[in-house]
Amino acid sequence: MQLWGIYFCNFVHFYYATNTIGKKGIKGFASDIKNAINLKIGVKGADKTTTQRLKTNLQLFAEKETSSTLNLPPYIDNAGKFVNWTKQFEKVKVPLTTEQVDELVALAKKFGVKVEASASDLAGHTGKAGTNWGIPHIHIGEARVHIPVPKGYQLP
Amino acid sequence: MKFRILGDSIITSNSAYKGLYREEPIYIEDDELYPFWDWYATEAGDGGYISDIEKAKKLVEMYAKKGIYYEIIRIEEQEISTKNCFLGIDICTKGGYSLLASRLENSNTTKTEMDGIFELIKVYFQAKLNEHSLFAKNEDADLFLKVINEIQQLRPGIIEEDIFKKYYLYKQE
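Residue numbers (numbering that gives the first Met the number 0), protein chains in the order written: chain A, 0 to 155; chain B, 0 to 172.
Heads up, a few of these hints could be off.
Claimed, not checked - List time: in silico BS3-like cross-link candidates among lysine-lysine, alpha-carbon distance up to 25 Å:
| no. | chain 1 | residue 1 | chain 2 | residue 2 |
| --- | --- | --- | --- | --- |
| 1 | B | K110 | A | K150 |
| 2 | B | K145 | A | K113 |
| 3 | B | K93 | A | K109 |
| 4 | B | K121 | A | K92 |
| 5 | B | K93 | B | K54 |
| 6 | A | K108 | B | K93 |
| 7 | A | K108 | A | K92 |
| 8 | B | K145 | A | K90 |
| 9 | B | K121 | B | K145 |
Just so you know, the hints here were simulated from the structure itself, not pulled from any lab data.
Take these sequences, add in the hints, and give me the full structure.
Next up, the structure:
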């Protein structure tokens with residue numbers, strides 16, 4: 000059950016980071032959250048932290064204008080935290096928008112984290128037997144985190 | 000010594016996988032957890048490795064109290080003699096992206112002229128993986144790595160162009 004709690008945390012984190020709220024509206028976002036909570040996912044501890052996190056994210060959203068850009072959480076203040084935060088995008092595997100990727104690249108530069116992408120990264124690898132990351136992506140940091148990007152994306 | 004703090008497999012379809020391509024401690028809005036995540040994310044930095052085992056143990060303990068479970072994995076590039084539990088050999092980039100995380104299952108439906116070779120790799124090497132979806136034997140890991148390196152040279156870009164290496168993984172008690 001706690002696994003679902005973690006997934007839910009990641010979902011909320013991703014939801015917030017990509018500002019999907021802007022597309023669905025605050026009511027849609029709140030409704031999604033309510034539905035998720037209604038599923039009674041997560042153990043007591045996970046529910047508690049999820050609720051705390053949700054509250055914070057909603058508060059942060061209320062303080063910002065809706066936009067298509069990423070909203071870097073205020074607790075991200077060094078390279079390690081930044082790379083840790085970007086791993087949510089690798090897991091969810093949903094391409095960011097061009098504007099969001101450009102912003103992520105600019106943030107990486109700000110934190111001194113390298114960004115790389117070969118032609119085959121940007122096209123997606125076609126290997127099989129578990130060896131592929133088959134959707135277009137760039138790499139962030141020494142960890143070479145995969146960031147899914149739109150088809151045709153080029154690094155600025 | 001190098002360690003990583005790891006949780007569930009990132010590839011959810013293969014929850015048995017105990018290699019390096021797994022969840023790391025994530026940020027949770029919680030006053031008790033924050034100092035531990037703050038230490039971890041800063042210490043792990045860009046690469047993901049930590050060395051302070053006592054702090055790592057404390058982090059694992061604190062997250063477990065909240066129902067989120069991680070374990071500490073010791074990573075070696077050579078086989079070592081240790082009392083810690085040997086999990087197996089992963090084939091990864093230095094950042095932890097593993098070729099074994101999906102247990103060599105296909106997720107890519109794009110047809111290529113290399114499909115037969117990849118099918119052969121899957122059938123042959125899947126049988127060599129242990130219960131943690133890792134190689135148990137050095138010779139199997141060596142042969143897999145050799146095949147991967149040759150494919151990288153034969154068809155650059157068909158798989159990640161990173162340098163893949165063997166990592167011996169031990170569960171730190």
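Status of the hints after comparison with the structure:
no.: 1; hint: B/K110 with A/K150; verdict: holds (18 Å)
no.: 2; hint: B/K145 with A/K113; verdict: violated (29 Å)
no.: 3; hint: B/K93 with A/K109; verdict: holds (23 Å)
no.: 4; hint: B/K121 with A/K92; verdict: holds (23 Å)
no.: 5; hint: B/K93 with B/K54; verdict: holds (23 Å)
no.: 6; hint: A/K108 with B/K93; verdict: holds (21 Å)
no.: 7; hint: A/K108 with A/K92; verdict: holds (22 Å)
no.: 8; hint: B/K145 with A/K90; verdict: violated (28 Å)
no.: 9; hint: B/K121 with B/K145; verdict: holds (15 Å)
Taken one by one, the earlier hints fail for this structure at numbers 2 and 8, listed in ascending order.
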